[in-house]
Amino acid sequence: AQSVTQPDIHITVSEGASLELRCNYSYGATPYLFWYVQSPGQGLQLLLKYFSGDTLVQGIKGFEAEFKRSQSSFNLRKPSVHWSDAAEYFCAVVGSILTGGGNKLTFGTGTQLKVEL
Amino acid sequence: ETGVTQTPRHLVMGMTNKKSLKCEQHLGHNAMYWYKQSAKKPLELMFVYSLEERVENNSVPSRFSPECPNSSHLFLHLHTLQPEDSALYLCASSQGPGWETQYFGPGTRLLVL
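Order-wise, the sequence lines are chains A and B.
In this text, residue positions in the first sequence follow the numbering used here: the first is 1, and each later residue adds one.
In this text, residue positions in the second sequence follow the numbering used here: the first is 1, and each later residue adds one.
Heads up, some of the hints might be wrong.
[Stated by the list, open to error] Within a straight-line C-alpha distance of at most 25 Å, the following computed DSS-like cross-link-like pairs (lysine-lysine) qualify:
(1) 19/B to 49/A
(2) 22/B to 36/B
(3) 18/B to 49/A
(4) 68/A to 104/A
Derived from the structure by calculation, the hints contain no laboratory data.
Construct the entire structure; sequences and hints are all you get.
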């Protein structure tokens with residue numbers, strides 16, 4: 001079965017500093033990978049996704065992520081963090097298609113980002 | 001209204017109550033999902049519906065009963081819940097039952113007393 005590990009539970013960065021959030025996955029085949037962001041009291045918003053092709057993917061709000069098959073990683077990066085980026089970030093992988101359909105997202109436990117002004 | 005909406009946003013109920021959560025998607029999608037988000041735990045997939053047919057029941061207790069009357073609406077009926085069922089319940093939808101991206105609603109924060 002697929003799994004996702006986000007090793008950092010909390011990260012604090014200063015506004016304007018660069019950011020990298022780590023994500024490692026375990027999946028037997030080529031994975032479909034996602035990063036979502038959740039602000040307090042809100043649902044999950046898709047930041048970016050990787051299905052195939054270029055291993056560096058661009059997302060919304062200035063985020064990007066790089067798929068590295070050799071390291072089973074899909075780390076999220078942003079060159080300059082803004083105070084409004086403070087939120088919880090979730091990495092997810094799509095597992096095998098279920099019998100009869102439906103795609104099964106497996107999420108990591110999330111990384112809480114705090115931005116210091 | 002656009003996207004995925006959920007009502008109510010907050011719900012407090014006793015263990016003997018019966019309540020329902022509602023989800024509506026305005027994206028023309030054919031697949032809908034219920035997830036449970038508890039503190040310090042990964043999101044847990046509860047149910048998947050594709051074209052109004054349930055395709056996944058992820059070992060969820062029978063006190064949770066989903067209903068999908070059409071491709072735009074999804075309900076989660078709750079009865080005789082336990083305090084450990086307190087969580088954020090998230091609804092999502094996707095274009096189809098394959099690899100498509102899932103779009104999430106804002107969630108219903110449930111507290112069981």
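Going down the list of hints, with the structure as the test:
| no. | hint | result |
| --- | --- | --- |
| 1 | 19/B to 49/A | violated (35 Å) |
| 2 | 22/B to 36/B | holds (14 Å) |
| 3 | 18/B to 49/A | violated (38 Å) |
| 4 | 68/A to 104/A | holds (22 Å) |
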